[in-house]
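*Asks:* Chain order of the listed sequences is A and B.
Numbers given in this note's numbering equal positions in the first sequence, counted from 1, plus 19.
Numbers given in this note's numbering equal positions in the second sequence, counted from 1, plus 19.
It is worth saying that the hints were derived from the structure and are not from the lab.
Wrong hints could be hidden among the right ones.
Because identical chains cannot be distinguished in the list, a pair is counted as satisfied if it fits within a single copy or across any two copies.
Stated by the list, open to error - Using 25 angstroms as the maximum straight-line C-alpha spacing, the simulated DSS-like pairs for lysine-lysine come out as follows:
| hint | residue 1 | residue 2 |
| --- | --- | --- |
| 1 | 57 | 88 |
| 2 | 88 | 447 |
| 3 | 434 | 88 |
| 4 | 76 | 88 |
| 5 | 93 | 434 |
| 6 | 93 | 76 |
| 7 | 208 | 447 |
| 8 | 93 | 208 |
| 9 | 93 | 57 |
| 10 | 211 | 93 |
The primary structure of each chain is shown beneath.
Protein chains: 2
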Amino acid sequence: MNDLHDMSLRARNAYYDLSVSDLQSRNRVLLTLSEILKERAEEIFAQNQLDLADAEKSGLPAPLLHRLKFGRDKLAQVTAGLDALSTLPDPLSRTTYAEEIEQGLELYRVVCPIGVIGIIFESRPDALIQIASLCIKSGNTVLLKGGREALRSNQILCDCVRRALSACGFSPDCAQLLESREDVSSMLKEDKLIDLIIPRGSNEFVRYIMDHSRIPVLGHSDGICHVYIDQAADPALAVRVAVDSKVQNVSVCNAAETILIHEKAAPAVLPALAEALSASGVEIRGDESACGLISCVPASPEDWASEYLDYIVSIRIVPSLEEAVSHINRFGSHHTDCIITSDQAAASVFMNRVDSAGVYWNVSTRFADGFVYGFGAEVGIATGKLHARGPMGLEGLTTYKYKLIGSGQTMADIKSGAAVYTHRPLEKQCPF
Amino acid sequence: MNDLHDMSLRARNAYYDLSVSDLQSRNRVLLTLSEILKERAEEIFAQNQLDLADAEKSGLPAPLLHRLKFGRDKLAQVTAGLDALSTLPDPLSRTTYAEEIEQGLELYRVVCPIGVIGIIFESRPDALIQIASLCIKSGNTVLLKGGREALRSNQILCDCVRRALSACGFSPDCAQLLESREDVSSMLKEDKLIDLIIPRGSNEFVRYIMDHSRIPVLGHSDGICHVYIDQAADPALAVRVAVDSKVQNVSVCNAAETILIHEKAAPAVLPALAEALSASGVEIRGDESACGLISCVPASPEDWASEYLDYIVSIRIVPSLEEAVSHINRFGSHHTDCIITSDQAAASVFMNRVDSAGVYWNVSTRFADGFVYGFGAEVGIATGKLHARGPMGLEGLTTYKYKLIGSGQTMADIKSGAAVYTHRPLEKQCPF
Numbered sequence: 020m021n022d023l024h025d026m027s028l029r030a031r032n033a034y035y036d037l038s039v040s041d042l043q044s045r046n047r048v049l050l051t052l053s054e055i056l057k058e059r060a061e062e063i064f065a066q067n068q069l070d071l072a073d074a075e076k077s078g079l080p081a082p083l084l085h086r087l088k089f090g091r092d093k094l095a096q097v098t099a100g101l102d103a104l105s106t107l108p109d110p111l112s113r114t115t116y117a118e119e120i121e122q123g124l125e126l127y128r129v130v131c132p133i134g135v136i137g138i139i140f141e142s143r144p145d146a147l148i149q150i151a152s153l154c155i156k157s158g159n160t161v162l163l164k165g166g167r168e169a170l171r172s173n174q175i176l177c178d179c180v181r182r183a184l185s186a187c188g189f190s191p192d193c194a195q196l197l198e199s200r201e202d203v204s205s206m207l208k209e210d211k212l213i214d215l216i217i218p219r220g221s222n223e224f225v226r227y228i229m230d231h232s233r234i235p236v237l238g239h240s241d242g243i244c245h246v247y248i249d250q251a252a253d254p255a256l257a258v259r260v261a262v263d264s265k266v267q268n269v270s271v272c273n274a275a276e277t278i279l280i281h282e283k284a285a286p287a288v289l290p291a292l293a294e295a296l297s298a299s300g301v302e303i304r305g306d307e308s309a310c311g312l313i314s315c316v317p318a319s320p321e322d323w324a325s326e327y328l329d330y331i332v333s334i335r336i337v338p339s340l341e342e343a344v345s346h347i348n349r350f351g352s353h354h355t356d357c358i359i360t361s362d363q364a365a366a367s368v369f370m371n372r373v374d375s376a377g378v379y380w381n382v383s384t385r386f387a388d389g390f391v392y393g394f395g396a397e398v399g400i401a402t403g404k405l406h407a408r409g410p411m412g413l414e415g416l417t418t419y420k421y422k423l424i425g426s427g428q429t430m431a432d433i434k435s436g437a438a439v440y441t442h443r444p445l446e447k448q449c450p451f
Numbered sequence: 020m021n022d023l024h025d026m027s028l029r030a031r032n033a034y035y036d037l038s039v040s041d042l043q044s045r046n047r048v049l050l051t052l053s054e055i056l057k058e059r060a061e062e063i064f065a066q067n068q069l070d071l072a073d074a075e076k077s078g079l080p081a082p083l084l085h086r087l088k089f090g091r092d093k094l095a096q097v098t099a100g101l102d103a104l105s106t107l108p109d110p111l112s113r114t115t116y117a118e119e120i121e122q123g124l125e126l127y128r129v130v131c132p133i134g135v136i137g138i139i140f141e142s143r144p145d146a147l148i149q150i151a152s153l154c155i156k157s158g159n160t161v162l163l164k165g166g167r168e169a170l171r172s173n174q175i176l177c178d179c180v181r182r183a184l185s186a187c188g189f190s191p192d193c194a195q196l197l198e199s200r201e202d203v204s205s206m207l208k209e210d211k212l213i214d215l216i217i218p219r220g221s222n223e224f225v226r227y228i229m230d231h232s233r234i235p236v237l238g239h240s241d242g243i244c245h246v247y248i249d250q251a252a253d254p255a256l257a258v259r260v261a262v263d264s265k266v267q268n269v270s271v272c273n274a275a276e277t278i279l280i281h282e283k284a285a286p287a288v289l290p291a292l293a294e295a296l297s298a299s300g301v302e303i304r305g306d307e308s309a310c311g312l313i314s315c316v317p318a319s320p321e322d323w324a325s326e327y328l329d330y331i332v333s334i335r336i337v338p339s340l341e342e343a344v345s346h347i348n349r350f351g352s353h354h355t356d357c358i359i360t361s362d363q364a365a366a367s368v369f370m371n372r373v374d375s376a377g378v379y380w381n382v383s384t385r386f387a388d389g390f391v392y393g394f395g396a397e398v399g400i401a402t403g404k405l406h407a408r409g410p411m412g413l414e415g416l417t418t419y420k421y422k423l424i425g426s427g428q429t430m431a432d433i434k435s436g437a438a439v440y441t442h443r444p445l446e447k448q449c450p451f
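Can you build the whole structure from these sequences, using the hints too?
*Replies:* As structure tokens, then:
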């Protein structure tokens with residue numbers, strides 16, 4: 020068990036230096052890390068093999084074993100990712116608002132890092148490198164807690180990150196590894212030292228974290244994503260997109276769980292859709308109307324609020340676009356929802372009224388991802404509405420501060436009329 | 020006692036319409052409200068007089084009575100504020116990111132309202148109009164809870180807001196008034212229907228709200244603001260800015276509570292500063308070194324973490340800029356902190372390393388305010404780092420959603436190589 024207060028304090032002190040470093044130095048850490056990972060490849064694979072052997076013995080299911088594996092392919096992906104991240108522009112220091120308040124008094128809003136971030140992630144050791152590198156690039160220090168099964172893999176990978184930091188003149192405490200659940204509980208108490216927790220995992224897990232900490236939490240939570248097939252949908256396109264949304268990868272948060280079909284589209288679309296889904300091994304749970312058109316399992320009320328993460332889909336026939344929107348806002352998880360239609364007016368209503376981070380028109384929900392969106396990578400997908408929404412990349416890891424530069428201005432002079440507000444936009448960047 | 024579940028549900032439904040309304044309609048509500056307030060002026064003053072009479076009877080202190088008063092001056096300020104707000108540009112609908120993901124697949128990030136916002140504010144009835152109008156302009160619906168002493172004033176003002184909404188074709192439930200503490204407790208439970216709580220008040224109050232709700236909270240909390248007088252400070256400028264920061268209005272969150280002085284500046288600055296502060300009736304609590312230079316009350320360790328909101332200031336002599344920064348990051352409330360220096364390098368270190376929403380150079384901390392910053396008005400000042408920081412105006416009341424517009428794109432095609440990512444920036448706004 021680690022001393023989390025001490026670790027958090029060291030992370031905070033390391034942050035003050037990292038936060039004011041220049042882009043070149045932060046990029047150098049990423050490129051050095053890429054080199055270290057390649058040099059220590061055999062060592063890393065060996066530690067990962069030990070994790071894999073234990074996991075196999077303890078009967079970890081095959082898909083999870085697959086995620087745990089860190090071999091030559093993963094290494095190549097991870098180092099390519101680091102190289103790519105190092106070419107992205109600086110997420111920091113940009114002036115996003117500049118105004119003269121009164122003569123000689125200049126206000127600037129400047130992008131800066133958030134601070135110390137605690138991230139709890141699943142059993143994918145490559146996630147450690149992705150998360151740590153996004154944090155370093157954006158000037159944040161990070162406390163990392165990975166899956167128990169990946170402990171030895173995470174230990175050596177975190178050691179590589181720390182060596183890269185040291186080699187570039189930064190404190191290794193910019194990245195520190197937590198090793199137990201007790202460490203997580205202790206971390207949640209450090210609300211004076213940690214600025215943000217990002218828990219990746221189930222909804223219940225995110226809820227647990229929120230209920231046990233005063234530190235702000237950005238939820239990478241599960242997804243109940245919908246595909247709504249409108250009255251004006253092209254049937255072939257509808258089947259293609261709905262099937263991809265459901266079956267391309269059933270175990271991820273951006274997979275669809277419920278398909279809504281306009282009653283006028285159902286006779287033409289549903290039989291073909293059911294056939295395609297069944298051919299992919301999907302069990303269909305339909306409402307009464309759906310069961311009247313195809314053979315399927317009757318859906319229960321719980322189905323509308325279920326995230327199956329499996330080869331199961333619920334299907335409901337709706338009388339109108341409005342009812343589809345209302346169903347999604349009521350039962351969805353505000354992650355990603357799609358309308359299939361050739362009617363732009365219907366698409367507009369859907370996309371403006373559905374209260375989700377991603378609203379899609381004629382495209383699979385599987386596209387909700389930071390890499391796909393062009394952010395390089397993501398630390399998570401936020402389904403809340405504050406700070407960041409949807410896939411969170413570098414920009415989601417920044418905040419801003421207001422810098423006000425004067426020459427002795429006082430409020431007394433404003434109140435007496437000796438000075439007046441000019442409120443004139445400035446066309447320049449903050450000088451430092 | 021109101022049925023908060025029902026009120027929240029009505030606020031949510033009202034939000035779906037308000038959120039997709041055009042700027043002109045939202046501005047029309049503000050201008051109509053301005054007219055209604057003028058028409059009903061006598062009625063409003065009469066209700067406010069009843070509140071004032073009761074408050075006087077119950078012995079409310081004079082400064083609070085002053086804040087409670089809503090007379091002809093306040094009315095003129097409030098209606099001028101509404102007129103000014105109606106001229107500000109639309110905070111909604113702007114595209115802030117646009118990219119082609121693959122051929123024919125366009126991603127847009129579009130600014131949109133947050134949703135339903137609960138705001139708890141102090142006994143200033145004009146705050147009700149300010150808050151409600153900022154929410155309406157930004158497409159959010161709002162549940163308002165004002166001070167108990169202002170209940171009758173708030174009732175009639177909220178009624179004016181609701182009439183303006185109705186007159187412009189919106190649901191009056193875009194703005195609803197809570198009337199008791201029990202209402203607030205009930206509101207905190209509606210985490211499925213309310214998106215954000217903004218509690219204006221003491222730190223303890225904000226903490227209480229955070230600890231009793233799963234709804235995200237943006238804190239308008241108290242301020243422990245600092246003025247640091249550097250080695251290279253001009254003594255006259257230092258005294259002027261420090262005195263203004265402390266005494267121009269002692270009861271507000273952006274007033275200074277602690278003055279730090281570099282040991283090399285202290286002999287030249289401290290006696291003059293002490294004289295000026297004493298002349299304004301300020302009690303000085305100094306550390307040992309300060310007490311060696313001037314006559315003052317010895318400071319206790321609690322003084323560094325105290326928000327006096329009174330004619331009291333703590334003064335500490337520090338050996339270096341670094342120690343000043345470290346003191347502020349340890350004891351401050353991350354609100355607004357100022358350095359007085361003629362050395363730009365020192366200003367740069369201070370402004371980049373002090374972890375506060377506002378970092379000032381040679382200007383009074385009293386400038387930390389949404390109106391002063393040119394935002395029109397503010398719903399609060401956020402001292403956290405997520406979502407909004409510092410004075411929160413219209414922009415702080417918005418979030419964004421990702422709109423993805425395709426023509427049948429699937430992830431299966433990407434995985435098979437039939438389609439490839441282009442990740443090409445688009446130079447256009449989202450079409451709807």
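*Asks:* Now look at each hint and say whether the structure bears it out.
*Replies:* We went through each hint and held it up to the structure:
In this assembly of identical chains, residue 57 and residue 88 lie within 25 angstroms of each other by CA distance solely inside one copy; the values are 16 angstroms within and 71 angstroms between copies. In this assembly of identical chains, the alpha carbons of residue 88 and residue 447 never lie at most 25 angstroms apart, being 49 angstroms within a copy and 42 angstroms across copies at closest. Only between protomers do residue 434 and residue 88 lie at most 25 angstroms apart by alpha-carbon distance; the minimum there is 20 angstroms, versus 67 angstroms within a single protomer. Proximity of residue 76 and residue 88 under a CA criterion of 25 angstroms is satisfied intra-copy only: 15 angstroms inside one chain copy versus 74 angstroms between copies.
In this assembly of identical chains, the alpha carbons of residue 93 and residue 434 lie at most 25 angstroms apart only when taken from different copies (17 angstroms versus 63 angstroms within one copy). Taking CA atoms no more than 25 angstroms apart as the test, residue 93 paired with residue 76 passes inside one copy only; the shortest distance there is 23 angstroms, against 74 angstroms between copies. In this assembly of identical chains, residue 208 and residue 447 lie within 25 angstroms of each other by CA distance neither inside one copy nor across copies; the values are 41 angstroms within and 45 angstroms between. Taking the shortest Cα distances, residue 93 and residue 208 never come within 25 angstroms of each other, neither inside one copy (34 angstroms) nor across copies (45 angstroms).
Taking the shortest Cα distances, residue 93 and residue 57 sit within 25 angstroms of each other inside one copy (11 angstroms), while across copies they are farther apart (68 angstroms). When the C-alpha separation of residue 211 and residue 93 is checked against a cutoff of 25 angstroms, the pair qualifies neither within a copy, at 37 angstroms, nor between copies, at 40 angstroms.
Checked against the numbered hints above, the structure violates hints 2, 7, 8, 10; every other hint is satisfied.
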